[in-house]
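There are 2 protein chains.
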Amino acid sequence: MSALRPGLKLRSFARLPAARTISTTPLRAAQPYFSNEPSGPTVSTAIPGPNNKKAAAELNEVFDVRSLNMLTDYTKSIGNYISDLDGNTLLDVYAQIASIPVGYNNPHLEKVATSPEMITSLINRPALGNFPSAEWANILKTGVLKVAPKGLNQVYTAMAGSDANEIAYKAAFMYRRQLERGGPEADFSEQELESTMVNQQPGSPQLSILSFKSAFHGRLFGSLSTTRSKAIHKLDIPAFDWPQATFPSLKYPLEEHAQENAQEEQRCLQEVERLIKEYHNPVAAVMVEPIQSEGGDNHASPAFFQGLRDITKRTNVLFIVDEVQTGVGATGKFWAHDHWNLDTPPDMVTFSKKAQTAGYYYGNPALRPNKPYRQFNTWMGDPSRALIFRGIIEEIERLGLVENTAATGAYLYAGLERLSKQYPQHFQNLRGKGQGTFIAWDSPKRDEILAKAKSVGVNIGGSGQSAVRLRPMLIFQNHHADILLERLEQVIKML
Amino acid sequence: MSALRPGLKLRSFARLPAARTISTTPLRAAQPYFSNEPSGPTVSTAIPGPNNKKAAAELNEVFDVRSLNMLTDYTKSIGNYISDLDGNTLLDVYAQIASIPVGYNNPHLEKVATSPEMITSLINRPALGNFPSAEWANILKTGVLKVAPKGLNQVYTAMAGSDANEIAYKAAFMYRRQLERGGPEADFSEQELESTMVNQQPGSPQLSILSFKSAFHGRLFGSLSTTRSKAIHKLDIPAFDWPQATFPSLKYPLEEHAQENAQEEQRCLQEVERLIKEYHNPVAAVMVEPIQSEGGDNHASPAFFQGLRDITKRTNVLFIVDEVQTGVGATGKFWAHDHWNLDTPPDMVTFSKKAQTAGYYYGNPALRPNKPYRQFNTWMGDPSRALIFRGIIEEIERLGLVENTAATGAYLYAGLERLSKQYPQHFQNLRGKGQGTFIAWDSPKRDEILAKAKSVGVNIGGSGQSAVRLRPMLIFQNHHADILLERLEQVIKML
Numbered sequence: 001m002s003a004l005r006p007g008l009k010l011r012s013f014a015r016l017p018a019a020r021t022i023s024t025t026p027l028r029a030a031q032p033y034f035s036n037e038p039s040g041p042t043v044s045t046a047i048p049g050p051n052n053k054k055a056a057a058e059l060n061e062v063f064d065v066r067s068l069n070m071l072t073d074y075t076k077s078i079g080n081y082i083s084d085l086d087g088n089t090l091l092d093v094y095a096q097i098a099s100i101p102v103g104y105n106n107p108h109l110e111k112v113a114t115s116p117e118m119i120t121s122l123i124n125r126p127a128l129g130n131f132p133s134a135e136w137a138n139i140l141k142t143g144v145l146k147v148a149p150k151g152l153n154q155v156y157t158a159m160a161g162s163d164a165n166e167i168a169y170k171a172a173f174m175y176r177r178q179l180e181r182g183g184p185e186a187d188f189s190e191q192e193l194e195s196t197m198v199n200q201q202p203g204s205p206q207l208s209i210l211s212f213k214s215a216f217h218g219r220l221f222g223s224l225s226t227t228r229s230k231a232i233h234k235l236d237i238p239a240f241d242w243p244q245a246t247f248p249s250l251k252y253p254l255e256e257h258a259q260e261n262a263q264e265e266q267r268c269l270q271e272v273e274r275l276i277k278e279y280h281n282p283v284a285a286v287m288v289e290p291i292q293s294e295g296g297d298n299h300a301s302p303a304f305f306q307g308l309r310d311i312t313k314r315t316n317v318l319f320i321v322d323e324v325q326t327g328v329g330a331t332g333k334f335w336a337h338d339h340w341n342l343d344t345p346p347d348m349v350t351f352s353k354k355a356q357t358a359g360y361y362y363g364n365p366a367l368r369p370n371k372p373y374r375q376f377n378t379w380m381g382d383p384s385r386a387l388i389f390r391g392i393i394e395e396i397e398r399l400g401l402v403e404n405t406a407a408t409g410a411y412l413y414a415g416l417e418r419l420s421k422q423y424p425q426h427f428q429n430l431r432g433k434g435q436g437t438f439i440a441w442d443s444p445k446r447d448e449i450l451a452k453a454k455s456v457g458v459n460i461g462g463s464g465q466s467a468v469r470l471r472p473m474l475i476f477q478n479h480h481a482d483i484l485l486e487r488l489e490q491v492i493k494m495l
Numbered sequence: 001m002s003a004l005r006p007g008l009k010l011r012s013f014a015r016l017p018a019a020r021t022i023s024t025t026p027l028r029a030a031q032p033y034f035s036n037e038p039s040g041p042t043v044s045t046a047i048p049g050p051n052n053k054k055a056a057a058e059l060n061e062v063f064d065v066r067s068l069n070m071l072t073d074y075t076k077s078i079g080n081y082i083s084d085l086d087g088n089t090l091l092d093v094y095a096q097i098a099s100i101p102v103g104y105n106n107p108h109l110e111k112v113a114t115s116p117e118m119i120t121s122l123i124n125r126p127a128l129g130n131f132p133s134a135e136w137a138n139i140l141k142t143g144v145l146k147v148a149p150k151g152l153n154q155v156y157t158a159m160a161g162s163d164a165n166e167i168a169y170k171a172a173f174m175y176r177r178q179l180e181r182g183g184p185e186a187d188f189s190e191q192e193l194e195s196t197m198v199n200q201q202p203g204s205p206q207l208s209i210l211s212f213k214s215a216f217h218g219r220l221f222g223s224l225s226t227t228r229s230k231a232i233h234k235l236d237i238p239a240f241d242w243p244q245a246t247f248p249s250l251k252y253p254l255e256e257h258a259q260e261n262a263q264e265e266q267r268c269l270q271e272v273e274r275l276i277k278e279y280h281n282p283v284a285a286v287m288v289e290p291i292q293s294e295g296g297d298n299h300a301s302p303a304f305f306q307g308l309r310d311i312t313k314r315t316n317v318l319f320i321v322d323e324v325q326t327g328v329g330a331t332g333k334f335w336a337h338d339h340w341n342l343d344t345p346p347d348m349v350t351f352s353k354k355a356q357t358a359g360y361y362y363g364n365p366a367l368r369p370n371k372p373y374r375q376f377n378t379w380m381g382d383p384s385r386a387l388i389f390r391g392i393i394e395e396i397e398r399l400g401l402v403e404n405t406a407a408t409g410a411y412l413y414a415g416l417e418r419l420s421k422q423y424p425q426h427f428q429n430l431r432g433k434g435q436g437t438f439i440a441w442d443s444p445k446r447d448e449i450l451a452k453a454k455s456v457g458v459n460i461g462g463s464g465q466s467a468v469r470l471r472p473m474l475i476f477q478n479h480h481a482d483i484l485l486e487r488l489e490q491v492i493k494m495l
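Chain order of the listed sequences is A and B.
Letter 145 of the first sequence, counting from 1, is numbered 145 in the working numbering, and no numbers are missing.
Letter 207 of the second sequence, counting from 1, is numbered 207 in the working numbering, and no numbers are missing.
One thing to keep in mind: the hints can contain errors.
One copy or two, either will do: identical chains are not told apart, so a pair holds if it fits within one copy or between any two.
Here are the computed lysine-lysine pairs in the BS3-like style, where the Cα-Cα straight-line distance is at most 25 Å [as the list claims (entries may be wrong)]: (1) Lys213 x Lys371; (2) Lys371 x Lys230; (3) Lys53 x Lys141; (4) Lys111 x Lys76; (5) Lys141 x Lys54; (6) Lys251 x Lys445; (7) Lys445 x Lys313; (8) Lys111 x Lys421; (9) Lys76 x Lys141; (10) Lys277 x Lys313; (11) Lys371 x Lys54; (12) Lys146 x Lys111; (13) Lys452 x Lys146; (14) Lys111 x Lys230; (15) Lys53 x Lys433; (16) Lys445 x Lys371; (17) Lys371 x Lys53; (18) Lys213 x Lys445; (19) Lys53 x Lys251.
Source of the hints: derived by calculation from the structure; they are not laboratory data.
Use the sequences and the hints to build the structure in full.
This is the structure:
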């Protein structure tokens with residue numbers, strides 16, 4: 001019995017080998033994960049169509065809709081295909097904002113959504129720091145923590161990427177001051193206790209987080225102080241006086257600019273080290289995305305990140321990796337920083353989006369603050385969303401979706417390379433080779449491409465000033481890549 | 001068919017008049033809302049008992065449990081009663097952290113949790129700013145917005161109290177700078193566009209939010225800068241240089257100190273006005289709780305809040321009311337600021353906790369930022385939690401729970417007044433008369449009282465340095481109040 005609304009027929013999954021665990025053999029491309037997905041997009045009206053326009057006007061009465069992309073009929077969306085209110089069905093390589101991992105109306109997630117555990121967590125929302133359920137440890141161990149990055153075995157749960165990043169910053173500040181104070185047993189001074197109540201140092205110290213130009217780490221006050229993507233994200237909001245370093249600006253194709261790119265990365269690393277040593281507000285942590293996502297899909301090499309890890313170790317500064325957009329399989333590894341082969345793991349790794357919940361992983365027990373109630377809030381996450389993440393992990397393992405994404409990404413990248421040779425003006429700086437489907441390129445007519453893509457049945461997003469960014473789901477397969485490549489060429493011909 | 005786990009028998013609700021809407025007649029005290037609630041607490045082991053201790057040790061491996069109050073068996077908890085893992089069942093007048101409104105395992109919420117709309121929102125989590133569902137407008141209008149404070153008809157949705165407060169602050173800063181710039185059409189200057197990318201003014205202006213001593217508004221970087229509850233909440237975290245004013249310190253009983261209290265409130269209002277006029281970082285908004293909750297249940301009179309509204313209007317500063325803990329019925333009105341009879345509504349009202357979702361209400365269209373993507377994030381809330389809030393609102397209306405809370409609160413307050421006369425040393429500054437069940441008092445042995453209360457079957461919380469705070473659910477009735485009063489007296493006799 002489907003619990004979904006009448007009229008929606010849930011399509012059954014293709015039969016796949018049972019109890020499949022992580023394997024290095026990708027599934028055959030011909031075997032679709034969603035057997036009843038449409039065979040291709042359907043566009044029957046201009047987009048937005050009349051129903052969408054009407055519904056948007058209605059929503060606008062009570063909710064700001066100026067960032068609206070497309071009002072969606074989620075009951076009709078399936079797998080890689082998103083449906084609007086006018087009968088249009090688009091191949092979705094944006095996946096909300098890179099946040100849907102295993103397809104719309106995934107039947108396994110539907111089972112999770114109707115499970116007794118889900119129902120009790122929805123109607124009896126716990127304050128996880130005070131009154132966790134007896135099952136919470138098990139939900140973490142069989143879910144969130146089952147996929148913890150190598151070397152990290154503990155988690156603080158949160159609600160979304162922004163607050164996950166902020167509580168990681170808070171942990172970094174507390175850790176730093178604890179070291180300066182002489183360890184976890186050292187008491188706060190009277191001066192600290194008094195000054196913090198009026199937001200002054202030493203109790204509220206003027207420490208900082210170092211982030212990179214073009215970085216995006218969220219939009220709350222602490223995270224926004226590390227976000228450097230676009231002025232419109234930051235204008236009029238007070239910010240902390242924290243330092244930014246230059247993120248490498250690589251030239252493409254990488255093979256042709258190897259030496260120049262290596263020099264660029266060295267220059268950036270030297271700037272990081274100089275800022276850590278000299279910035280007037282001492283740096284407690286370096287925060288970095290494996291691939292700068294909102295900032296325009298800016299990549300750097302494993303050598304750069306190894307360098308960051310070395311510098312932070314040498315200068316006794318924490319190293320936090322923001323995997324909010326890169327995490328959970330999209331780069332062909334479960335975590336993008338798995339590509340780096342670090343000797344020492346990051347101190348903290350934050351996650352959200354495709355995890356459908358959020359938080360940060362850590363390993364060093366000293367990153368638990370020395371007293372209770374220092375890292376605390378009412379809910380500290382949401383078990384119902386943690387259950388969904390567990391379901392996602394089960395799907396990823398059962399279907400080998402990380403390996404699928406690596407293989408499909410290679411296939412798609414090869415196709416895009418062909419297009420970039422044919423239409424070099426529209427496919428500049430193609431990047432993301434070997435990074436699963438986390439692929440982007442620049443185009444002078446980017447906004448026109450995104451708009452026209454809808455008219456030929458593809459939903460695509462942009463990033464930065466001029467990048468077309470692909471963020472398909474982990475269930476994106478070669479036959480979807482074929483459709484995408486074909487439709488992209490159609491769009492180029494329309495320009 | 002119950003979707004809850006086998007072994008849990010869902011108790012049916014007592015039959016009540018059908019289709020009951022908001023009414024001024026409270027239900028008879030003898031009519032229990034949960035007909036199969038236990039008739040009283042059961043305590044069969046020391047608390048924590050052996051099962052709880054074992055489970056806590058297991059959870060501690062992966063999750064910080066030092067703030068643990070009680071591991072909970074939510075499948076056995078029912079109505080006003082919370083169950084632990086050792087067969088103990090306690091009358092719960094803390095309700096997580098004042099965040100459970102209509103009882104554990106409420107059957108109506110169970111229906112909501114298993115509805116098709118819930119399932120689709122759990123498995124197809126939308127990015128509400130870009131791809132809202134066709135139903136989102138309707139979910140808002142029939143839920144969150146149905147109970148919007150008088151004069152406010154729009155909402156920005158969020159995840160929890162902290163980020164709801166921060167996005168309200170952001171709206172205040174953008175509004176202020178827009179006025180200074182000359183209106184929504186005025187462009188940003190080149191200097192603003194450049195300076196904000198390095199976190200400097202004028203693009204990242206040194207504006208401030210004024211909050212009150214002992215206030216609690218959350219623990220992210222912006223909200224924590226307005227939180228002034230306890231040093232342990234703030235230590236080691238960088239904070240903005242924002243002003244704090246003194247919150248009135250009233251003397252009890254109020255009737256005996258009317259003139260002195262009025263003078264105290266005037267003094268505080270003058271300080272607010274002086275700070276707005278003189279603080280070196282200009283004040284964009286005043287943020288206040290109707291009753292300072294975490295800070296120790298500090299009350300002020302309607303005259304004080306009317307004065308705040310007047311001052312903020314006169315000085316062209318926004319007035320934000322933080323109803324995260326006071327909202328959704330607990331004070332015997334749906335919103336605590338309904339007690340004030342303001343001529344002009346607050347500019348923004350934030351909510352979370354008993355709403356099980358979060359956000360801020362506003363009415364002035366100019367509080368929508370002048371361009372899209374200025375107030376934005378990936379999820380912008382969670383429709384599944386908004387659906388739960390709608391279910392809660394339906395229960396509140398059906399059962400007349402705001403009126404119930406007003407009536408039960410009066411009954412409970414009278415009982416506590418009797419106890420305070422009998423045991424004046426343990427019931428100091430009893431407060432919350434006419435504020436529903438939002439009642440507190442001070443006791444020099446507060447922590448001992450909270451601990452011993454568990455041993456006699458009652459789960460109670462504290463706030464501030466010495467307050468016992470009552471935060472029962474909206475389904476708390478006179479027969480529960482009788483049990484609470486009896487057990488409190490037992491505890492006092494044990495001291």
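Original post:
What are the numbers of the hints that this structure violates, sorted from low to high?
Top reply: 7, 8, 13, 14, 15 and 19
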